[in-house]
Structures are given as C-alpha cells and as structure tokens.
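Asks: Please work from the sequences and hints to get the whole structure.
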Amino acid sequence: MKPAAFDYVRAESLEEALDVLAQEGADARVLAGGQTLIPMLSMRMARPSVVVDIMQLPGLDRIENAEATIRVGAAVRQRDVEQYANLVLSQPLLAAALPWVGHAQTRNRGTVCGSVAHADPSAELPLVLIALQGEIELRSWRRPRRVAAENFFTGIMSTVCEADEMIEAVRFPTARAGVGYAFREIGRRHGDFAIVACAAMADAQTARLAIGGVADRPMARDLPLPSDPGLDDALDAFAWDLEARGDLHATAEYRRQLVRRLGRQTLEEAARCRG
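Per this note's numbering, the very first residue in the sequence shown carries number 79; after that it's consecutive.
Mixed in with the good hints there might be a few duds.
Label-pair restraints from in silico Cβ distances [unchecked claim]:
#1 Glu90 with Pro117: 22 to 30 Å
#2 Gln101 with Asp310: 51 to 59 Å
#3 Glu321 with Ala255: 34 to 42 Å
#4 Ser236 with Gln134: 25 to 33 Å
#5 Gly308 with Val128: 47 to 55 Å
#6 Arg122 with His327: 22 to 30 Å
#7 Glu331 with Asp270: 17 to 25 Å
#8 Asp310 with Ala255: 23 to 31 Å
#9 Arg267 with Glu228: 28 to 36 Å
#10 His181 with Arg221: 13 to 21 Å
#11 Gly233 with Val128: 21 to 29 Å
#12 Val128 with Asp310: 46 to 54 Å
#13 Asn186 with Asp314: 36 to 44 Å
Think of the hints as simulated: they come from the structure by calculation, not from any bench. Small disclaimer: the values here were computed from a predicted structure and weren't measured. All C-beta atoms, glycine included, are put in the ideal place defined by N, C-alpha and C.
Replies: See the structure below:
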C-alpha cells in the first residue's frame with residue numbers, strides 16, 4: 079500500500095513546527111526517525127493532513143547531562159544514545175535495554191522520543207522511563223511542560239500529549255550510588271516487541287519492578303527485596319493486577335507466569351549489581 083495524500087513540512091525552526099501543530103491540531107503528525115510513522119502511513123493506519131519533519135531542527139539532536147538526568151532531545155537517534163560515552167556507568171538500565179530495541183538498522187534511524195511518543199505497551203524505552211521515574215518534556219505554542227513518565231502513558235498507543243504538543247525531550251535519571259539495575263526480556267525473536275519485559279532497580283531497603291508487554295501500558299510497582307519471603311506473593315499479586323491479555327504470541331497465563339519468574343530473576347540481578 080501507499081500513504082493517503084498529505085502535505086509535508088520540513089520545519090526550519092521549533093517555532094515553525096509548533097505553529098503548524100497549533101493550526102492543524104490532530105490532523106498533523108510529527109516525523110522524526112520515521113520507523114513507526116512511515117509504516118503506519120503506508121498501511122493507512124495514520125491519515126494526517128500534514129506531516130511535520132523536525133529532524134533538522136537545531137538543538138533537538140543533543141544528549142545532555144542536566145539536573146541528574148540524561149536529557150535526550152527529540153531528534154536523537156537510539157543508536158546515538160546506545161553509543162553515548164560511559165552510558166553503562168551513567169545509566170546502566172538504559173544501556174542494558176537499548177540492544178533489545180528493534181535491530182541495529184532500526185536503531186540507526188529510530189529516535190528515543192519517537193518510541194516514547196508511539197507508546198507501544200511492549201516497547202523497551204517507555205518501560206525504562208517508567209522504571210526510572212523519568213520525565214517527558216512537552217512543548218506547544220501555549221507553554222512548555224514536564225510530565226512524569228507514570229502519568230504520561232494512558233493506554234495502548236495513547237498518551238497525555240495534546241494535539242498541538244510535541245515531545246521536545248525525555249529525561250532519564252542517572253544512576254544512584256548503592257542502586258542496582260537490571261533488564262530482561264522474552265520475545266519470539268530478538269528485535270521483536272517483548273512478550274514480557276522487566277526493568278528492575280534495587281537498593282539496600284527497597285526494590286522497584288516495571289513490566290512491559292502485559293498491560294495496556296508499562297507499569298511499575300515497589301516490591302520487597304528478593305531476600306524477603308513475601309516477594310513471591312507480591313509478584314503474584316502484581317501479575318494478576320496487570321490484567322494480562324492473550325494473543326497469538328502468548329496466553330494470559332503464560333504472561334502472568336513470566337511476570338512471576340522473569341520478574342524475580344530481574345530483581346535478583348538488580349540486587350546483585352548494587353554498587
């Protein structure tokens with residue numbers, strides 16, 4: 079198939095991009111890496127009247143350390159973050175998750191913010207953002223605003239981003255001393271979306287586990303440490319609360335069991351990795 083007709087705007091400034099979004103609203107779509115939007119256009123799952131290309135905008139291609147976070151601009155490709163200097167030290171959870179995001183070829187084109195904007199419940203980058211309690215920076219003509227990751231995703235491919243807004247950047251909190259991080263995933267093949275993905279962090283007193291691929295959005299919960307005898311019951315309750323769905327890839331029962339088993343393994347790895 080080929081896309082329905084649309085106008086194309088290569089924005090030369092952030093102000094121009096925001097002006098188009100303000101005028102067109104829900105009929106406009108932002109194009110960055112295009113790894114999600116282009117297939118959706120081709121299959122006519124998306125039919126915007128105008129596509130706004132932001133990849134050439136100055137300043138959006140930066141990765142910055144700011145306010146104890148790694149701030150990733152809207153035009154930063156996933157591969158750029160994967161190769162960011164000392165990423166494994168500054169944020170090991172993000173470093174562990176990125177090789178699971180699609181394939182090297184798609185990471186060379188796809189953007190971090192584009193994955194977050196698409197909000198697939200099985201995607202790795204929204205899951206990491208939820209686990210770390212990161213933030214999304216939104217921008218419109220009306221105002222800039224920041225939204226906590228746990229408040230950003232509202233359902234399958236659904237977010238609180240309004241029609242005249244775009245993601246300007248996302249912020250991943252940097253690693254904290256004494257905290258261990260771990261990421262594990264099971265899919266049909268490496269590079270596919272996860273059947274279940276787990277992102278965990280643990281310190282000496284508490285643990286946090288985020289799950290993707292089960293509910294209609296990534297979700298996280300504070301849990302007992304692996305040494306606590308109450309962890310298995312807490313994981314079982316979490317697995318049921320996620321209201322797993324069955325599909326052609328896995329049954330709901332299998333997904334619940336992965337939350338229990340893979341979740342424990344991920345938490346145990348995070349606890350072992352505490353610095």
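Asks: For every hint, state whether the structure bears it out.
Replies: Verification of the supplied hints:
1. Glu90 with Pro117: 22 to 30 Å: Because 27 Å falls inside the window, the suggested range holds.
2. Gln101 with Asp310: 51 to 59 Å: 54 Å, holds
3. Glu321 with Ala255: 34 to 42 Å: 36 Å, holds
4. Ser236 with Gln134: 25 to 33 Å: 28 Å, holds
5. Gly308 with Val128: 47 to 55 Å: Hint holds: Cβ distance 54 Å, inside 47 to 55 Å.
6. Arg122 with His327: 22 to 30 Å: 24 Å, holds
7. Glu331 with Asp270: 17 to 25 Å: 20 Å, holds
8. Asp310 with Ala255: 23 to 31 Å: The hinted range 23 to 31 Å holds for Asp310 and Ala255, with Cβ atoms some 29 Å apart.
9. Arg267 with Glu228: 28 to 36 Å: 30 Å, holds
10. His181 with Arg221: 13 to 21 Å: About 38 Å separates the Cβ atoms of His181 and Arg221, which means 13 to 21 Å is violated.
11. Gly233 with Val128: 21 to 29 Å: 25 Å, holds
12. Val128 with Asp310: 46 to 54 Å: Given a distance of about 52 Å, which is inside 46 to 54 Å, the answer is holds.
13. Asn186 with Asp314: 36 to 44 Å: About 40 Å separates the Cβ atoms of Asn186 and Asp314, which means 36 to 44 Å holds.
Hint compliance for this structure: hint 10 is the single one not met.
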